[in-house]
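Given the sequences, and given the hints that come with them, work out the whole structure.
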Amino acid sequence: MTSTPTQTPAVATTRPWSKPAYRLLREAGYTQFAYVPDAGHRDLIELAHADPGAVAVPLTTEEEGVALCAGADLGLTKGVLLMQSSGVGNTINMLSLIAHCQFPFLTLVTLRGDFGEQNPWQYAMGRASQPVLEEMGLICLRAEREEDVVPTVEASLGMVEPGGRAVAVLLTQRLLGAKKF
Amino acid sequence: MRKSSELTRTAALAAVVDDPDRYLIVCGLGTAAFDASRLTGNGANLFPIDGAMGCAVPVGLGLALARPERQVLVMTGDGELLMNLGALSTASAQAPANLSVLVLDNGTWGLTGGQRTHTAMGTDLTAVAAGCGFPVALTVSREAELEAGRAALADDSRLTFVRLELNPEDPEPYPFERHGPPIRKRFRDALAAASPSAP
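In order, the protein sequence lines correspond to chains A and B.
Quick note: the first sequence, position 144, residue 144 per the working numbering, numbers continuous.
Quick note: the second sequence, position 46, residue 46 per the working numbering, numbers continuous.
Any given hint could be a false lead.
[Stated by the list, open to error] Taking CB as the label site, the calculated pair distances span:
| # | chain 1 | residue 1 | chain 2 | residue 2 | range |
| --- | --- | --- | --- | --- | --- |
| 1 | B | G131 | A | L141 | 47 to 55 Å |
| 2 | B | M121 | A | A10 | 33 to 41 Å |
| 3 | A | K179 | B | N42 | 21 to 29 Å |
| 4 | A | R15 | B | T10 | 52 to 60 Å |
| 5 | B | A11 | A | R15 | 55 to 63 Å |
[Stated by the list, open to error] Far from chain B, some chain A residues (derived; all Cβ distances over 12 Å):
| # | residue |
| --- | --- |
| 6 | P9 |
| 7 | D73 |
| 8 | G79 |
Keep in mind that the hints were calculated from the coordinates and are not lab data.
Here a beta-carbon is modelled for each residue, glycine too, at the ideal position from N, C-alpha and C.
Here you go:
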């Protein structure tokens with residue numbers, strides 16, 4: 001899969017940080033965008049689908065995305081996992097692959113169960129997400145405001161490569177806004 | 001109750017894989033890791049997984065998408081695949097022509113005491129793969145079918161699934177490297193050396 005970013009695809013985005021963050025990922029060599037959809041990731045998903053130099057991989061469960069990113073690394077490219085906090089619990093076993101082999105790894109997680117959450121079902125996994133990720137060895141960087149997102153993604157990229165770490169960028173509910181469902 | 005297979009595990013595996021060097025190989029945990037390690041002589045083209053049950057197909061998919069110029073073979077057991085059947089849907093949605101999945105289906109969780117798996121209770125993994133959209137999905141259960149299995153796996157024009165139906169017996173253990181960072185480095189270094197255009 002080619003890794004050279006040509007230009008950011010002409011996709012109408014809903015958030016000001018989406019295109020700059022996507023461009024940072026592409027320039028850092030990310031070619032595989034694995035996802036279980038979430039409204040907070042909608043722009044990045046559409047950008048990846050529209051980008052001939054990248055591949056967008058819809059998953060049936062988030063754990064596949066962790067393993068897919070490990071395979072991308074074995075294939076000398078990079079993958080990123082886009083998921084929401086309700087899927088973090090699904091990834092735990094596969095994060096053992098990341099931890100055991102010390103794969104560099106990046107995931108962007110949209111958090112629920114926080115600032116203004118109205119759906120009581122979202123609290124349990126939303127509240128557990130950061131501790132679970134940290135227990136599995138990931139470093140979590142939180143973005144609380146729109147102006148935080150691009151610098152946080154940029155910081156995470158260096159920690160993954162050359163830093164060699166597994167990093168989760170947490171896109172918080174304060175940043176994204178509480179959903180009505 | 002499953003019928004007995006006329007195939008001998010090690011010989012059948014050698015026949016369908018034929019030339020291990022033509023593939024980048026990802027194996028699933030347990031007895032499949034013994035088989036793959038024996039078959040390749042612990043080759044650097046093998047990433048021998050012995051944990052993270054259910055990861056073999058998605059790891060192979062990420063690898064196949066990353067290196068479309070190389071043929072990728074996932075070798076795994078029925079128990080390992082059963083843990084993540086959704087990965088067959090995900091692979092089929094991408095349909096990389098350079099990915100082949102070989103399931104060593106002996107209907108048992110071998111290393112945990114030989115308990116019967118779901119394939120010994122009615123699940124047909126070939127039908128599952130076909131239902132998930134694999135353009136080629138076939139079962140090899142007889143000597144006369146080994147050549148068709150070999151040709152399907154080696155076919156680099158279509159995503160392929162082959163189920164090798166085996167008797168419920170385990171292969172002899174075979175030693176392989178279990179430390180993670182060295183196997184990652186070994187695999188990537190060998191691939192980079194064979195891929196002049198790689199980053």
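Violations among the numbered hints, reported as their numbers in ascending order:
The structure conflicts with hints 1, 2, 3, 7, 8, although it agrees with all the remaining ones.
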